[in-house]
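Visitor: Spelled out, the chains give:
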Amino acid sequence: MEWQTCPRCKSSKYRNPSLKLLVNECGHRLCDNCVEQLFVRGSGSCPQCNKPLKRSKFREQFFEDAEMDKEVDVRRRIYNDLNLRQEDFSSLREFNDYLEQVETFIFNIVNGIEVEKTKRDIEAVKEERKKQLQKSRHKKSSDQELLMKIVDEERLNSDDNSRKFFLDKREDETRRAKEREQLLDDLQDSEMSAEAVWESHKRKNSVLDQCTESEDYQMSGLLQRSVIEEPPPVLTDNDLQWFLRDEELDKVEGNMSGPPVASPRSLAEKDYLKATRASSTLELTMGFESVIPARRALLAAFDGLYCKFNRQ
Amino acid sequence: MFHSSTQRKYWTFANQDELDSHRRASHHRFIQERLRQKDCAAAQRLTSDLDAPYTDEMWDDLDHDVVEESFLTLREEFEMRRFFQTMLREFCAKFKPEMPKSTIATGFAFFQRCYLNESVMRFHPKNMMITCMWIAVKVDEFHVSMEQFISHLRGDRQKAMDIILYNEPYVMQKLHFHLMVHLPYRSYEGFFIDIRARYRDRLKQSPEKLRPIIDKFLDQSMFSDALLLYSPSQIALAAIFHAAEELKEDLTGYIENVLVQHPITKPFSEADDSEARAEEVMDQDEAEHGAQNSIHLLAVIDEIRHHVSESAKQVVSKDQIKKLEVKLESCKDPAFNPETEEYQRRLVSLFQMEVDEKF
Numbered sequence: 001m002e003w004q005t006c007p008r009c010k011s012s013k014y015r016n017p018s019l020k021l022l023v024n025e026c027g028h029r030l031c032d033n034c035v036e037q038l039f040v041r042g043s044g045s046c047p048q049c050n051k052p053l054k055r056s057k058f059r060e061q062f063f064e065d066a067e068m069d070k071e072v073d074v075r076r077r078i079y080n081d082l083n084l085r086q087e088d089f090s091s092l093r094e095f096n097d098y099l100e101q102v103e104t105f106i107f108n109i110v111n112g113i114e115v116e117k118t119k120r121d122i123e124a125v126k127e128e129r130k131k132q133l134q135k136s137r138h139k140k141s142s143d144q145e146l147l148m149k150i151v152d153e154e155r156l157n158s159d160d161n162s163r164k165f166f167l168d169k170r171e172d173e174t175r176r177a178k179e180r181e182q183l184l185d186d187l188q189d190s191e192m193s194a195e196a197v198w199e200s201h202k203r204k205n206s207v208l209d210q211c212t213e214s215e216d217y218q219m220s221g222l223l224q225r226s227v228i229e230e231p232p233p234v235l236t237d238n239d240l241q242w243f244l245r246d247e248e249l250d251k252v253e254g255n256m257s258g259p260p261v262a263s264p265r266s267l268a269e270k271d272y273l274k275a276t277r278a279s280s281t282l283e284l285t286m287g288f289e290s291v292i293p294a295r296r297a298l299l300a301a302f303d304g305l306y307c308k309f310n311r312q
Numbered sequence: 001m002f003h004s005s006t007q008r009k010y011w012t013f014a015n016q017d018e019l020d021s022h023r024r025a026s027h028h029r030f031i032q033e034r035l036r037q038k039d040c041a042a043a044q045r046l047t048s049d050l051d052a053p054y055t056d057e058m059w060d061d062l063d064h065d066v067v068e069e070s071f072l073t074l075r076e077e078f079e080m081r082r083f084f085q086t087m088l089r090e091f092c093a094k095f096k097p098e099m100p101k102s103t104i105a106t107g108f109a110f111f112q113r114c115y116l117n118e119s120v121m122r123f124h125p126k127n128m129m130i131t132c133m134w135i136a137v138k139v140d141e142f143h144v145s146m147e148q149f150i151s152h153l154r155g156d157r158q159k160a161m162d163i164i165l166y167n168e169p170y171v172m173q174k175l176h177f178h179l180m181v182h183l184p185y186r187s188y189e190g191f192f193i194d195i196r197a198r199y200r201d202r203l204k205q206s207p208e209k210l211r212p213i214i215d216k217f218l219d220q221s222m223f224s225d226a227l228l229l230y231s232p233s234q235i236a237l238a239a240i241f242h243a244a245e246e247l248k249e250d251l252t253g254y255i256e257n258v259l260v261q262h263p264i265t266k267p268f269s270e271a272d273d274s275e276a277r278a279e280e281v282m283d284q285d286e287a288e289h290g291a292q293n294s295i296h297l298l299a300v301i302d303e304i305r306h307h308v309s310e311s312a313k314q315v316v317s318k319d320q321i322k323k324l325e326v327k328l329e330s331c332k333d334p335a336f337n338p339e340t341e342e343y344q345r346r347l348v349s350l351f352q353m354e355v356d357e358k359f
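So the protein lines, in turn, are chains A and B.
Read in the numbering used here, the first sequence has 14 at position 14, and its numbers run on one by one without any break.
Read in the numbering used here, the second sequence has 289 at position 289, and its numbers run on one by one without any break.
Be a bit skeptical, because a hint or two may be false.
Listed next, with one range per pair, are the computed distances between beta-carbon atoms [as the list claims (entries may be wrong)]: (1) F177/B <-> R296/A: 21 to 31 Å; (2) C49/A <-> S145/B: 54 to 64 Å; (3) M146/B <-> Y14/A: 40 to 50 Å; (4) R89/B <-> R296/A: 51 to 61 Å; (5) F177/B <-> L167/A: 20 to 30 Å; (6) P169/B <-> R296/A: 50 to 60 Å; (7) S145/B <-> Y14/A: 44 to 54 Å; (8) K270/A <-> S145/B: 44 to 54 Å; (9) K313/B <-> K270/A: 36 to 46 Å; (10) F177/B <-> K308/A: 23 to 33 Å; (11) H176/B <-> S18/A: 22 to 32 Å; (12) K270/A <-> D250/B: 22 to 32 Å; (13) S18/A <-> M146/B: 49 to 59 Å.
Now the stretches of chain B that chain A is said to cover, found in silico as 3 or more residues with beta-carbon under 8 Å [unchecked claim]: (14) 61-71; (15) 110-119; (16) 159-168; (17) 230-237.
To be clear, the hints were calculated from the coordinates, so they are not data collected in a lab.
For each residue, glycine too, the CB sits at the ideal point set by N, CA and C.
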């Protein structure tokens, strides 16, 4: 309980579930209310060690031991500055020396040993390797690249697997339906006794079921932890263009007693779209091409133009 | 699509005579009903000399001058409608953000449709107009809450709200639940697209200059019976034609050569000077057909313009309405008059029905 209590106002997570504990550079915690009070001007000193602190540097406490938070914070900051990779050194030995140096810096700063000197040393290293640092700033480390690659591969695999799973399932269902029909037909037409027909079907089915079951087993082995999702539907060109097809339109607009309106495709080819507002990117992503409202307006214009309503 | 709509099937009429006969019938029906039931002062006055209870056969024996004196005449009904149309227009103009033209026109269309089969004496246009508009804002998806809606009314707002909610189902029923109204506005945009694409180079000035005049024309057309007689596309074309003529532009060429895609007078010679129409070499039958169509269309446009301008001349003053209101006092339908017991009784029974449905 102790680590969830604010040392200043003594309120704890137990009493106030919405309490947020924050930690700054010095590794002492404070709750967000106290921070609000003490750091009204944006900066102030830590109530425990009197170290001058900036309000913007407060972050939420993540570990039980606030010191750990401090170390993670320092590590992140130093890695940000000193981000050389093995390729930047001529030998493994040199790279290891560099890593050890970085670790020493982190240890010193976290534990408050010769802080000023360490900071000066960091600056010196930064100065020394300025060019290399700048170059490697934008490159991802090999670790990160590897991670990305693994994630991509996994995603691809699981997509494939789930698609296969669904296809198999559908196939299986159709097969079963067919067999059921077959059974009914057999029962109706066959000269064997009903029991015999039933038995032979059951045997056949059990063999097939075993096959699929063993496949299922394999599948679930592959997909041990990944969730089986329905694969994204594959849209064909035909699906996307169905509303632009001329014969479909003809069915609806055949008897509208007015001059015909050209199909969307030919409207777009002629100069019509110049006379209308172009669709924005956002509208296009949702499929609202400007030809659709333009054509709708034209339809409204020509629809019923020749109507006569039996006038005398 | 207009051609497959209920508007075309049920709410577009052959001519003015047919409209008038519908109005006459509902007017007549209302008076007959009052005389039978004797539930208003006018009916009691008329039937007081009769020996037996009134039946429909006795209609011809009545003194028709007295009938006209006691009940509103058809002309007076028209004046009432017209006056409250102008009121409705003012009411719509008060909304902020501005109410779209299509919403206003939808409300007006409901108003006109309702009074085809209903007498002004049964249903006061003041109540009808706000109820129609309340349905229209919902149908046309112009979202306003009831509080916002009635805040633009003068007088007792709570009472207005009761009237709207009480009459809403009744008005919907009078509309036969045909809530889709096809208006000239989209057609008008369509013609603009077409003109800009195919006829822009023949115009002396930008078509945008036509817009204010077109808007005014369409506004006037709402007050008239145009939407009950013509298709929305015809009204839109008439509006554009009217505006073009005011600005000394000629759109006859557009209708004859471009829209109907065939010139009336010179069938093929015109086609040569324009690439757009070079492909439109039609055979003799089609040419004949096209010519008929454009003659018909130009005639319809003239009719609409005449109809709308005639209707715009009809102005009703407030004094006339005051007189009519006095006359209306004695010939109202008590079931729709909020001051009577009959109305209260119906309101309670309506409420009871709702409660019964819930539990």
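Visitor: Run every hint past the structure and note whether it holds.
Guide: We went through each hint and held it up to the structure:
no. : hint                          : verdict
1   : F177/B <-> R296/A: 21 to 31 Å : holds, 25 Å
2   : C49/A <-> S145/B: 54 to 64 Å  : holds, 58 Å
3   : M146/B <-> Y14/A: 40 to 50 Å  : holds, 48 Å
4   : R89/B <-> R296/A: 51 to 61 Å  : violated, 28 Å
5   : F177/B <-> L167/A: 20 to 30 Å : violated, 47 Å
6   : P169/B <-> R296/A: 50 to 60 Å : violated, 32 Å
7   : S145/B <-> Y14/A: 44 to 54 Å  : holds, 45 Å
8   : K270/A <-> S145/B: 44 to 54 Å : holds, 45 Å
9   : K313/B <-> K270/A: 36 to 46 Å : holds, 43 Å
10  : F177/B <-> K308/A: 23 to 33 Å : holds, 27 Å
11  : H176/B <-> S18/A: 22 to 32 Å  : violated, 58 Å
12  : K270/A <-> D250/B: 22 to 32 Å : holds, 24 Å
13  : S18/A <-> M146/B: 49 to 59 Å  : violated, 39 Å
14  : 61-71                         : violated (count 0)
15  : 110-119                       : violated (count 0)
16  : 159-168                       : violated (count 0)
17  : 230-237                       : holds (count 7)
Hint compliance for this structure: hints 4, 5, 6, 11, 13, 14, 15 and 16 are not met, and every other hint is.
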